[in-house]
Amino acid sequence: MTTKQNLYHSKPAQWAVYGLFFAAIALIPVFVTDGFLLNQFAVYGIYGMLALSISLCWGFGGILNLGQGIAFGLAAYGMAMTMQMQSQDPDSNPIPPFMLNNSLEHLPWFWQPFWSTGGGILLALVVPTLFYVVFGTLMFRARVSGPFFAIMSLAMLSAFATLILDMQPYTNGANGISPPAPLSLFGTDLDPYGTTAYWIVCGGLVAVTVGAKLLTQSKFGLVVQALRGDPERVRFLGYNVALYETCIYAISGFIAALAGCLWVMLIQYVSPAQLDTTFSIGMVIWAGIGGRLSLLGAILGAFLIQGGQSYLGDQFLATWLLMLGAFFIVVVRFLPKGLAGLLEMILGSIARQPAKHARPEPAGLPAAGE
Amino acid sequence: MTSLDIAPFANALVLGASIASIWLIAAIGLTIIYGTVGVINMAHGEFIMLGAYTSYALQSFLGLPFLLCLPASFAVVALVGLAIERGLIRYLYNRPLDTLLATWGVSLVLMQGVRLIFGSDPKYIAVPEIFQSNVEVGFASLSVFRLVVIGVTALVVAATAWLFYRTRFGMQVRAVMQNKEMAASFGINADRVYMTTFAIGAGLAGLAGSLFGVLAIVLPTMGTAYVVQAFLVVVVGGGTLLGSVAAAGLTGELQSVFAFLTNDTFARFLLYVLIVVFLRFRPRGLFAVAKARR
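As given, the protein sequences belong to chains V and D, one line each in that order.
Residues 1 to 370 in the numbering used here are what the first sequence spells out, letter by letter.
Residues 1 to 294 in the numbering used here are what the second sequence spells out, letter by letter.
One chain only, chain V, in its complex shape (with noise of 0.2 Å):
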C-alpha cells in the first residue's frame, strides 16, 4: 500500500467515535445535577435523533424529506393523548378539560385507545410510520422523487399542521395539549427532569444510533446508498427501488415518530409548531451543516445548532437566524457534505502526507494504524 487509509473511513475507528461519543452523553447526569439543564440536554438528544432519521433517508437514500415533523408531531400529538388520559378517570371525569369547553359531550372515538397507555404509546408509533409506508408507497411508486418529493412532503406536513388547527374541539387547536402530570410507567411518574428521563432519551438515542450504523452497514444499507447515486441503475440490476426508498423513508419516520414521543415525555406539551414547516426544515439544515452523509455528523450538528440557537440565541436575538442562514449557505456552497465532510477532508490530507514521506521505505504498515 503506497497511501494509509483515510482514517474517517476505518471502522473500527468509526466505532470507537461512536463509543467515545455514548460515554460522553452517559456521564452528561454525572456532571450535571440541574433537573432543568438535565431536561435541556435530553431535549437535544431528541433532536440529534431526528437529525439521525434526515441523514437516514436524505444522506444515504437520497430522499430530501422537508416534512419529517409529520411522524414527529403526529407521535408527539399521540404522547400527549396518552399523557392527558392518564390523568382522566373513566367513570368520573371521562372527557378532558379542554374538550369540555369546546363543548362536546362524549370523548370522540379517536380518542378511546389512549386510554390504555400501553396501547397509546403503540399508536403514537405506529400510526406515522404507516402513514409514511402509505405517502412513500404512493410518491416512490409513481416515481416521484428529487425535489417534488420534497415539495410533496413539505406540503403534506402544511396540510396535517392546517388539519390539526381546524380540529379545535379534537385537539384544542393552536394552544395544543398539555397534559396535567407527567407520564406514568409501570405505576411510577417519570419526572422529566430526572436522571431516568434522561437515561431513557440517552438510551433511545444510542439504540437508535447503533441500529442505523448497522443498518447502513448491511446489504439493505448499501442498496440504499447505491440508489441515492442512480436509482435508473439500481433499477436495471433488478431490484424493486420503490419498495427500498419506501422501507428507509419509512425507517427514519419510525425514528422521528420515536423522538416525538420522547419529546413529550420532557416536556409535556405538544402544538400545531411541532408541525411547523420552519421545525422541519430546521431538521434539514441541522443534517445538512453537521454533515448528511454522517449519523454522528447529523446529531453533533443538531447540539451545535440548536446549542448555539440557545446561548448566542439570547445574546444575539436578532441576528441569529440572519447568521444561521448565511452558515447554512456557506455550507451548501462549499461543503456538500457537511462539517463531517471537512473532517474527512482533513484526515483524508494527514493520511496522504506521511506516506508520500515514507515511500522510500518498505511499505509494510498496517493501514490506518491508530
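Wrong hints could be hidden among the right ones.
Which bits of chain V does chain D cover? Going by a derived footprint, with three or more residues having C-beta under 8 Å, they are [what the hints assert, rightly or not]:
{"hint": "1", "segment": "132-145"}
{"hint": "2", "segment": "150-156"}
{"hint": "3", "segment": "159-172"}
{"hint": "4", "segment": "279-292"}
{"hint": "5", "segment": "329-335"}
Beta-carbon label-pair distances, calculated as ranges [stated by the list, open to error]:
{"hint": "6", "chain 1": "V", "residue 1": "E232", "chain 2": "D", "residue 2": "Y165", "range": "29 to 39 Å"}
{"hint": "7", "chain 1": "D", "residue 1": "P128", "chain 2": "V", "residue 2": "T278", "range": "32 to 42 Å"}
{"hint": "8", "chain 1": "D", "residue 1": "F186", "chain 2": "V", "residue 2": "A13", "range": "49 to 59 Å"}
{"hint": "9", "chain 1": "V", "residue 1": "M167", "chain 2": "D", "residue 2": "I117", "range": "32 to 42 Å"}
{"hint": "10", "chain 1": "V", "residue 1": "T278", "chain 2": "D", "residue 2": "E129", "range": "34 to 44 Å"}
{"hint": "11", "chain 1": "V", "residue 1": "K11", "chain 2": "D", "residue 2": "Y165", "range": "56 to 66 Å"}
{"hint": "12", "chain 1": "D", "residue 1": "Y165", "chain 2": "V", "residue 2": "P113", "range": "56 to 66 Å"}
{"hint": "13", "chain 1": "D", "residue 1": "P128", "chain 2": "V", "residue 2": "P94", "range": "55 to 65 Å"}
{"hint": "14", "chain 1": "D", "residue 1": "M182", "chain 2": "V", "residue 2": "N240", "range": "27 to 37 Å"}
The set of hints was computed from the structure by calculation and includes no laboratory data.
Since the structure is predicted, the reported quantities are computational estimates derived from the model, not experimental observations.
Where is the CB? At the ideal position from N, CA and C, for every residue including glycine.
Take the given structure of chain V and dock chain D to it, following the hints.
Frame of chain V; chain D shown alone:
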C-alpha cells in the same frame, strides 16, 4: 336546482377564479424559474415579501402612486434575484437538491434582514379609492381589487407567453431548456439565459408581492403563506406555463368548492391529499414535457 341553490355555488366558482388568479401569479415566477433553470427556489416566498415591502417603502417614503409601484417592485426584486443568481445559484446548477437548500438559507437571510430593517409590525399599502369597493359578478359579490388581481394575472400570463414563445430571447430559452449543450454549441449563451430567466422570475414574484401586500398585510413572514400553494401549482402543472395556468385554475376552483362544502382549512387538507393521489398517476404533472434528463 333552483336559482337559490345555484347562487352560493356560483359565488364559490367566482371566488375560486379569484383564488386561482392569486395562486397563479404567485406561482408564475416559480414556474419559469423551475421550468427553465431547474431550480426549486425556496426563497420565492421571500421574493414575494420583498415585492410587498418595496411597494410599501416606495409608497410611504417616496410617495409613488400604487400603480407605479407594481413595475417598480418588479424591477427591484428582479435585481435582487439577479444578485442572488450571480452570487450563489449559478454555482449549484448541477446539484438540484442543494439549490433547494441554499435558497432556503437565502430565504432565512432575506426574512430576517427585512425584519431587522422594517421591524416585525405589520405595514399597509394604500390603494386608490375605487379599488376598495365591491362589484357584482353574476350572483357573486367581489371586491374590485380582486378583479384587478385577475386582470394583472391575465396580463402577466400573456406577457410571459409572448416573451417565451414570440421573441428571440424566448426561443433561446426554449432551446436551452431542451438541450443546454446543444444550444450552447449554436452560440447561445446559456449562462446568460439562466441569469435573465431567474431575474425575470424573481421580478414576477415581486410584482405578485405588491398585489398581495394590498390583499393582506405586509409582514416579514407573509411569503410563507403563498409559497406552498405556489409550489403545488408548479408540481401539478409540471413546470410549464400552460400547465401552471391549468393547475392554478383547477386547484383554485377545487379549493373554493371544497371550502363551500366544508370549510377553508379542511378544504386545503382535502386538496393536498387529492394532489398526492393525482401525482401517483401523473407524477410529471398535467402537461409533462418529454425532456432529456438533466
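### Message
For each hint given before, does the structure comply? Return the numbers of the non-compliant ones in rising order.
### Response
none
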